[in-house]
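Residue numbers (our numbering), protein chains in the order written: chain A, 1 to 342; chain H, 1 to 342; chain G, 1 to 342; chain Y, 1 to 342.
Keep in mind the hints are simulated off the structure, nothing from the lab. These numbers were taken from a predicted model, which means no experiment stands behind them. Be aware that one or more of the hints could be misleading.
When chains are identical, the list treats them as one kind, so a pair holds in a single copy or across two.
[Said to hold, decoys possible] Below, in silico cross-link-like pairs of lysine-lysine (DSBU-like), each with a Cα-Cα straight-line distance of 30 Å or less: (1) K148 to K195; (2) K305 to K80; (3) K276 to K80; (4) K195 to K112; (5) K199 to K176; (6) K176 to K195.
Number of protein chains: 4
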Amino acid sequence: MLIVMKPNATQKDISCVVEIIEKLGYKAHILPGAATTVVGITGNQGALDSAYFENLSGVAETIRVTKPYKLVTRDWKPNKSVIKVGNAEIGGDELAVIAGPCAVESREQVFKAAEVVAKSGAKFFRGGAFKPRTSPYSFQGKGEEALKLLAEVKEKFGLNIVTEAMDERGVDLVEKYADCIQIGARNMQNFSLLKYVGKSRKPILLKRSMSATLDEFLLAAEYIMAEGNYNVILCERGIRTFSDHARNTLDLSIVPAVQRISHLPIVVDPSHASGKNYMVAPLAKASIAVGADGLLIEVHPFPQKALCDGAQALTPAQYLELYRQIQIMHKIICECEEVAFA
Amino acid sequence: MLIVMKPNATQKDISCVVEIIEKLGYKAHILPGAATTVVGITGNQGALDSAYFENLSGVAETIRVTKPYKLVTRDWKPNKSVIKVGNAEIGGDELAVIAGPCAVESREQVFKAAEVVAKSGAKFFRGGAFKPRTSPYSFQGKGEEALKLLAEVKEKFGLNIVTEAMDERGVDLVEKYADCIQIGARNMQNFSLLKYVGKSRKPILLKRSMSATLDEFLLAAEYIMAEGNYNVILCERGIRTFSDHARNTLDLSIVPAVQRISHLPIVVDPSHASGKNYMVAPLAKASIAVGADGLLIEVHPFPQKALCDGAQALTPAQYLELYRQIQIMHKIICECEEVAFA
Amino acid sequence: MLIVMKPNATQKDISCVVEIIEKLGYKAHILPGAATTVVGITGNQGALDSAYFENLSGVAETIRVTKPYKLVTRDWKPNKSVIKVGNAEIGGDELAVIAGPCAVESREQVFKAAEVVAKSGAKFFRGGAFKPRTSPYSFQGKGEEALKLLAEVKEKFGLNIVTEAMDERGVDLVEKYADCIQIGARNMQNFSLLKYVGKSRKPILLKRSMSATLDEFLLAAEYIMAEGNYNVILCERGIRTFSDHARNTLDLSIVPAVQRISHLPIVVDPSHASGKNYMVAPLAKASIAVGADGLLIEVHPFPQKALCDGAQALTPAQYLELYRQIQIMHKIICECEEVAFA
Amino acid sequence: MLIVMKPNATQKDISCVVEIIEKLGYKAHILPGAATTVVGITGNQGALDSAYFENLSGVAETIRVTKPYKLVTRDWKPNKSVIKVGNAEIGGDELAVIAGPCAVESREQVFKAAEVVAKSGAKFFRGGAFKPRTSPYSFQGKGEEALKLLAEVKEKFGLNIVTEAMDERGVDLVEKYADCIQIGARNMQNFSLLKYVGKSRKPILLKRSMSATLDEFLLAAEYIMAEGNYNVILCERGIRTFSDHARNTLDLSIVPAVQRISHLPIVVDPSHASGKNYMVAPLAKASIAVGADGLLIEVHPFPQKALCDGAQALTPAQYLELYRQIQIMHKIICECEEVAFA
């Protein structure tokens with residue numbers, strides 16, 4: 001249930017509402033707005049009695065949320081969320097480009113990649129310290145050593161760091177060195193981990209599972225938000241289908257679908273979705289055109305020597321040209337969106 | 001096998017090669033090029049002896065085609081095909097927009113729709129006379145009566161007509177009234193029908209089946225081309241997956257995948273793929289961005305009264321604004337493509 | 001709508017009801033039962049006025065059918081249909097085993113296969129005369145020549161012949177020589193062909209499309225039945241999924257799902273579903289256990305020499321042992337079913 | 001790489017081989033056999049030099065494993081594994097039936113269910129203490145309180161307890177109270193958790209992810225085994241497809257596919273796969289027929305009052321009758337399997 005406060009509700013009114021919610025054993029989620037404050041209630045089994053809350057001082061109305069998710073919706077927060085990641089933003093006017101190699105391999109590799117990313121104008125750097133690999137015998141990432149290199153990249157190039165954590169220890173470490181914690185597709189329904197990062201103060205980049213429906217994707221975000229961390233960025237990275245010309249099938253229709261229901265920003269990862277170098281640029285442009293808030297792009301100084309997913313990484317030259325093109329595309333798309341469709 | 005003739009090969013040399021191929025019981029496909037002519041051989045079971053052909057007068061070399069398809073490939077025809085449809089083209093520099101209602105319902109409806117389509121600047125009009133419906137009790141289309149209305153539209157608005165045929169009788173009728181025969185997704189592996197339209201002189205718009213892999217899609221085109229009709233336009237319209245926020249999952253990665261292997265143009269149908277009005281514009285723009293040669297867009301003067309698929313049809317105002325936007329997008333994409341990726 | 005006649009309704013009452021239905025432009029489907037006759041109405045757009053029919057002489061009641069299908073349902077026909085195919089039955093107490101090679105290749109091959117099938121005790125022989133092949137350059141079947149061989153098999157071994165038709169000419173030929181017309185998975189939504197076989201007097205074996213939902217499958221059967229041919233046997237043969245250890249994913253849960261809604265018998269084809277010899281026996285046994293009315297099994301005298309799908313065909317020895325085992329299984333399953341679940 | 005010791009190799013020879021492997025930084029997995037011992041090496045990046053090992057005392061030969069998995073294969077262990085779970089076994093001659101409610105709700109519910117399960121003759125009891133729920137607002141299980149009830153059930157009815165853990169704390173608790181740790185489908189690629197349970201001394205029931213291929217499934221088991229826990233039981237529970245008549249599509253062909261490659265036992269969960277009460281019995285029987293080593297079956301004393309997944313739970317009467325039937329089925333299947341297929 002959402003409780004909409006009157007424009008003239010006092011801080012005391014709000015505190016009183018929150019106190020009552022917590023006394024009932026539920027959780028209160030305060031969303032201060034320009035004109036009014038909305039308080040979301042989660043944790044209740046079954047419907048609440050709206051009359052009970054409507055009589056409280058300062059309450060304008062209550063809204064019953066019939067969807068399985070609450071905090072991710074535009075019911076709770078009508079305007080799009082702009083998520084602060086380090087010294088930059090995702091979900092705002094600027095396109096968010098998160099670029100870098102699949103895995104952090106060496107100081108040389110990561111610094112060469114970061115130089116290219118910084119040169120392009122992108123504000124976010126990605127690189128894996130902990131790699132979820134299908135085989136236990138594949139390269140698993142360099143762990144904290146890699147995180148320290150990423151911290152150096154941040155220091156030297158001013159790039160904000162996005163990197164994956166696979167468990168609680170990993171979250172603690174990533175939190176220490178990076179600006180944004182990535183939850184990978186295979187952990188999208190690792191509910192214990194979602195709850196854990198829901199208590200982090202760092203923003204979360206949540207990748208869609210290869211077999212997640214829209215509802216399951218949004219509910220995974222809701223898991224994080226229900227714990228109090230409202231800074232979630234969604235990421236489409238391809239789904240499992242019979243179609244075999246790309247590694248996964250990039251499901252771009254989820255971008256308008258998410259935007260219709262949710263205030264959360266959504267970015268797209270064409271590199272992992274396709275798994276093929278030659279598809280990255282066209283799919284990246286399509287992602288911008290469909291309205292995504294940003295992109296994850298793999299770029300590697302020497303793709304053919306990459307320890308992981310080299311076949312999909314762009315060369316520095318390819319990446320720089322693509323960056324130039326998507327900026328043009330993004331500008332056009334923003335202009336288009338200013339014309340309201342009937 | 002492909003037989004590449006020498007630049008100075010005579011017409012007689014070519015005829016001699018063809019004659020030998022046909023004597024062996026195979027089929028010869030002549031592709032005259034600016035400098036050299038290529039002759040494709042189909043119908044052989046197992047590999048042919050290349051030495052046999054290489055010794056013939058005027059033959060430069062032979063190329064063994066190891067892929068399951070031959071005529072659809074850039075091996076046979078390195079340059080992109082531009083398909084003539086009525087008085088316009090698909091696959092050339094201009095974006096091909098094929099717009100109109102799902103089904104032809106009445107003179108008023110079809111003329112109102114055509115007026116909008118003509119006004120936009122689009123060159124192609126679509127509208128179903130024969131409708132493949134999941135239920136035998138749903139509206140099945142108005143048949144020849146509808147085709148006659150489409151012929152009137154062509155006459156009055158100068159639009160080129162694209163419409164579906166579901167069987168041989170339908171093909172004969174569509175051939176008589178329209179400019180391009182559409183083979184629907186459900187008939188993509190109706191091999192008898194593919195062979196039949198392979199003998200038509202009209203171009204074929206071939207929609208991808210909901211469960212077709214890239215190879216199966218290209219082989220369906222090969223069925224048509226093997227009969228001598230080389231004017232095939234491919235169309236992506238969404239595949240069957242578990243993803244349930246749209247009617248089907250638009251698989252845009254097939255556009256670069258097709259373009260890498262094949263010379264055939266490929267267009268995208270975001271209306272049928274999504275089944276939802278609000279998704280059509282973003283997916284249409286994504287289709288242009290990924291490099292499609294054109295779009296199929298449903299527009300209906302009164303979507304809420306449509307006898308078929310009304311939920312996805314754009315209103316005239318939505319369509320006109322979308323048309324304006326995709327022209328801008330297309331211009332940008334063309335400029336981008338002029339920059340060669342390393 | 002279904003019109004249930006009174007037990008004492010006269011033939012004249014029934015004729016009168018039919019006449020009225022036809023005058024209204026609809027189609028009447030008479031189902032005589034032991035106690036009462038039911039008349040189904042199809043062809044109406046929108047709901048009919050039940051009061052209109054309820055006042056007619058001999059009418060007991062009318063039932064509105066809200067499902068998209070009518071004649072396939074147990075509403076129209078509560079008891080399971082037993083379909084007569086040649087001199088045997090599918091859907092009755094006996095398990096229907098339809099065995100034989102993928103394609104008819106030669107007299108020797110087809111007679112050797114038939115000898116094995118007859119020896120096992122199976123009553124149905126299958127073998128393709130017209131083969132739907134993904135590539136236009138693959139072996140396409142021997143056509144009428146093959147049908148003549150099948151007719152000889154029928155004559156000599158007393159086996160009932162099931163074979164596929166891909167178009168109207170094929171249907172006419174198969175009707176002439178065989179006992180049951182198979183509609184392949186790729187033609188399951190070839191609605192023109194469905195209507196055509198709906199006018200045939202021969203029973204139809206309808207294979208599920210690789211991307212068909214339960215509703216689409218039943219509606220394809222409804223297309224045939226709406227034309228008056230009520231002798232439809234459904235066949236599950238695997239669906240398209242990401243799962244890659246078998247050619248397709250056999251979806252056995254469709255067997256109880258069909259049986260709950262429909263009176264039509266359903267058989268399973270583990271050979272095409274799996275595409276692998278070693279999976280055929282376990283999946284065949286699973287199909288019996290789940291309650292299927294029969295099996296399609298590929299058996300070839302020399303699988304390694306088969307022109308088509310050799311990898312999945314059983315050897316004669318494998319087939320005979322499997323036949324023995326599934327008879328035991330079927331007996332057990334029948335005994336199990338006699339115990340009513342609470 | 002696998003190192004096969006000579007029949008007369010001494011314990012010292014084996015220890016020496018293990019020592020060398022560990023010195024190289026790899027992990028040794030000793031598999032003592034009746035005649036010879038096999039030592040598996042994991043942890044190496046790239047191929048090892050076989051000559052190096054072949055010269056050691058007591059070594060008969062080395063086998064290079066080209067598959068991505070090693071310890072799960074029949075190369076390492078040719079005979080089927082029989083896994084000890086509490087005082088019973090999974091993978092042996094007896095069918096393993098693991099039955100019980102989806103979630104532990106109350107002492108009354110769990111004892112009533114256990115009484116039915118014990119009465120049937122089944123040896124394993126299941127019931128969720130930690131429930132992975134799509135929504136953060138759904139019932140999440142009763143945690144340690146539930147585990148204590150399960151321990152009482154074990155005490156009173158002599159049933160062996162199988163229950164899910166979702167994170168490391170959960171694993172520690174489940175290890176304390178139960179006999180087998182279940183890893184749910186959503187955690188199948190939670191690699192940190194797999195490694196953690198790889199260090200447990202309790203057997204692991206590993207459920208297939210809804211989007212896992214055969215290779216991914218086996219590699220998840222390999223993750224556990226590579227840490228030294230060789231007691232893994234695989235479980236098929238349905239995959240994500242477009243097919244919508246059941247909750248998931250039960251992919252029974254994975255049973256023979258697993259058995260061909262791997263020595264690990266595999267059980268099937270028809271309750272979660274179908275999500276529908278009426279499908280459980282036919283799919284359970286099909287699972288036995290296809291060769292599964294056991295079943296997970298949901299039974300609830302009052303399905304209509306279940307806090308979770310009630311629609312799929314069997315009533316006690318349904319369960320008891322099904323148990324009777326599958327025992328008969330299993331006996332028949334075992335007899336069938338004694339006849340070797342040619």
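We went through each hint and held it up to the structure:
Taking identical chains as interchangeable, the C-alpha atoms of K148 and K195 lie at most 30 Å apart whether they share a chain (26 Å) or sit on different chains (24 Å). For a Cα distance limit of 30 Å, the shortest separation of K305 from K80 qualifies neither inside one copy, at 40 Å, nor across copies, at 34 Å. In this homomeric assembly, K276 and K80 come within 30 Å of each other (Cα to Cα) only across copies, at 22 Å, whereas the closest approach inside a single copy is 32 Å. Proximity of K195 and K112 under a CA criterion of 30 Å is satisfied in neither setting, with 36 Å inside one chain copy and 33 Å between copies.
Taking CA atoms no more than 30 Å apart as the test, K199 paired with K176 passes in both settings, with 14 Å inside one copy and 28 Å between copies. For a Cα distance limit of 30 Å, the shortest separation of K176 from K195 qualifies both inside one copy, at 18 Å, and across copies, at 24 Å.
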